[in-house]
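Peer 1: Residues per chain are reported as follows:
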Amino acid sequence: MTATISHVADQSTKTGGELPGSHKHRVRSALGLLLRLGLSLVFGLPLVFMIVSSFKPDLQIFDDLGSLNAFLPVGTLNLENYLGVFDRVPFVTFLLNSVFISVSTVAFGLVVNSMAAFALSRMYFRGQKVVLGVILATLIVPFETMALPLLWWVNTIPYFDGSQGWLDTYAVQIVPFVANAFSIYLFYQYFDSIPKELDEAAKVDGAGWFRIYRSIIMPLAGPAVATVAILTFLPAWNAYLWPLMVVQSEELRPAMVGIDYFKQLNVSWGQIMAYASIITVPVLVMFIAFQRAFINSIASSGVKG
Amino acid sequence: MTTSTNARAAIATTAPSRARGARRRADRRSTATGWLMLAPAGVLIITFLLIPIGLTFVLAFTNARLISPEPAKFIGVANFTRLFDNETFWRSLINTVVFALVIVPFQSALALGLALLINVKMRGVNFFRTVFFLPVVTSMVVVSMLWMFMYQPNGLINALLAKVGVQGPDWLGDPRTALIALILMSAWQACGFHMVIWLSGLQTIPADLYEAASLDGAGPWQQFVHVTWPGLRQTAIFILITITIAAFSLFTQVNIMTQGGPLDSTSTVVFMAVRTGFQQQQTGYAAAISLVFFVIVLAVSLLQRYLTRDKDLKR
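These protein sequence lines are chains A and B, in that order. Mapping of the first sequence onto the working numbering: position 140 corresponds to residue 140, and the numbering continues sequentially without gaps. Mapping of the second sequence onto the working numbering: position 78 corresponds to residue 78, and the numbering continues sequentially without gaps.
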């Protein structure tokens with residue numbers, strides 16, 4: 001399941017019997033490099049533009065548009081836009097809400113889904129196959145198809161304190177996303193690759209199933225934990241449609257939905273770029289720091305069992 | 001959003017039948033523990049996934065409202081007759097289909113191109129992979145705001161176009177360009193994701209196949225047609241399906257950038273479902289829209305099964 005992206009043999013040097021030092025080869029690799037650089041500009045520059053603009057007054061952003069200055073930190077640079085963001089919205093609250101919601105979803109998700117996968121993969125009991133089949137069958141249903149019925153449903157069922165409806169709580173932003181069929185599937189696949197003899201040995205030593213799960217299997221499941229954590233964190237951090245519908249109070253609102261504030265009265269693009277930068281840069285930094293884990297977890301979502 | 005929706009479709013082919021090794025008689029205690037460990041996930045999945053899916057089928061035939069003192073009443077197919085009479089619905093369905101039809105080949109080809117470009121041994125290849133992937137870890141909300149700014153009539157894109165002497169359109173304000181603008185931006189955001197999937201497919205192709213082809217005198221294009229492409233068939237089906245389902249789920253971009261306008265030219269099925277089910281609180285009607293959407297997704301994944309089966313037979 002952890003498909004690693006390594007770099008396989010260079011195909012370009014093998015093509016058409018070109019020798020690495022030949023003129024034709026050099027022209028081709030120069031063109032290839034140009035193409036790659038050009039595409040990097042297409043994918044990277046908009047983000048550079050966003051971050052650079054967040055430090056410029058609106059007037060200067062528009063002045064710079066016609067030239068390369070749009071992508072360079074030149075001219076008047078200050079933190080006005082950032083201060084404006086804090087003025088305009090309870091930004092710290094939004095950000096802490098996002099952190100709290102995503103971290104809780106990931107933490108509960110890791111425990112709940114790995115436990116279910118453990119039961120399905122390493123234990124034997126009746127009805128197991130049916131459960132696995134149902135879980136896998138739900139994978140094709142995109143969240144968007146059931147979002148509206150789910151909205152009605154969470155507004156109908158009783159809350160923990162007995163009152164009706166879950167709307168406008170932290171719980172409604174976390175609990176429905178804790179159990180995740182895809183996470184169960186990823187753990188299941190990984191657990192299946194761990195030799196069953198380990199369980200046998202532990203049982204001989206008198207360990208129960210919970211003990212085997214906690215002390216033997218989970219410590220071995222690092223890569224699966226990383227994959228599931230990343231694939232749970234990103235959608236939780238980026239959630240937009242759901243919190244848009246279920247949260248009315250400002251103090252429960254996550255950062256993504258907060259961006260809608262800036263589209264109302266007197267739009268300041270500099271402030272919008274500042275807001276967009278602060279909610280993006282932490283994730284970009286995390287991505288760059290844990291690149292391999294990120295890319296491998298995406299790759300694993302395409303691997304078929 | 002991308003990761004989860006794409007991931008969901010990933011498994012449709014893998015099916016539950018997984019050969020179990022030594023199948024043993026379950027003792028009673030192990031059964032109890034097994035169900036106990038399954039219970040938290042099971043209860044949550046039933047409550048927040050299976051019941052809502054089932055509810056879609058029930059609510060679609062009622063006049064349920066999000067907040068209403070009166071209990072919902074069964075009203076037969078009235079929601080559907082109303083829906084099929086609604087011009088905005090057909091407009092939204094057509095927009096969604098057009099969006100899917102254009103973005104599926106465009107984005108998958110672009111992603112494959114990127115994957116081929118970084119599937120080489122070359123200095124700096126890691127840098128390119130990272131840059132191509134950056135938009136994927138940027139949320140669609142942020143990407144939408146950023147591109148909304150760049151698409152302004154006096155925005156970055158038109159300023160760049162003016163440099164080369166082209167008078168750019170009012171991208172999001174013109175019904176003729178708004179959907180195209182959304183397509184370009186969505187492909188920009190997501191294609192790094194599919195690049196990684198193509199890449200893992202590319203790396204399953206054994207290197208000696210290329211060596212053999214090159215010994216036979218095959219050039220790069222012939223190698224691509226006869227070695228690379230046949231080896232990517234499974235990956236291709238997976239990618240086509242995931243992009244299609246993600247395309248049908250189109251919502252965030254529309255809600256942030258255009259609100260379905262101008263003149264419904266960017267309204268989509270999900271956008272309409274949210275507008276009716278959330279803003280207008282007509283849950284029954286929104287469930288009917290969701291049901292239509294559900295049927296489309298089901299059809300797409302059945303098609304996936306059919307295509308994969310076809311392949312298994314050939315083998």
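Hint data in this document are derived by calculation from the structure and do not stem from the laboratory. No residue lacks a Cβ here, since even glycine has one placed at the ideal position from N, Cα and C. Any given hint could turn out to be false.
[Stated by the list, open to error] Calculated cross-link-like contacts (lysine-lysine; reagent style DSBU-like; alpha-carbon spacing at most 35 Å):
1. 263/A with 163/B
2. 129/A with 196/A
3. 24/A with 73/B
4. 73/B with 203/A
5. 129/A with 203/A
[Said to hold, decoys possible] Listed next, the stretches of chain B that the computed footprint assigns to chain A, with coverage defined by at least 3 CB atoms under 8 Å from CB atoms of chain A:
6. 63-73
7. 183-194
Peer 1: All hints, please: hold or fail.
Peer 2: Structure-based check of all given hints:
1. For the hint pairing residue 263/A with residue 163/B, the CA-to-CA distance comes to about 29 Å; that is within 35 Å, so the pair holds.
2. The hinted pair formed by residue 129/A and residue 196/A meets the criterion: a straight-line CA distance of about 18 Å does not exceed 35 Å.
3. Taking the CA atoms of residue 24/A and residue 73/B, the gap is near 75 Å; set against the 35 Å cutoff, the hint is violated.
4. Taking the CA atoms of residue 73/B and residue 203/A, the gap is about 56 Å. The hint is violated against a cut of 35 Å.
5. Annotation: proposed proximity of residue 129/A to residue 203/A holds, straight-line Cα distance about 24 Å (limit 35 Å).
6. For the region 63-73 of chain B, the stated coverage by chain A is satisfied: 3 residues place a CB nearer than 8 Å to a CB of that chain, which reaches the threshold of 3.
7. Residues of the region 183-194 of chain B with a Cβ under 8 Å from some Cβ of chain A number 3, which satisfies the need for three, so the listed coverage holds.
Of the hints listed earlier, those the structure fails to meet are numbers 3, 4, in rising order.
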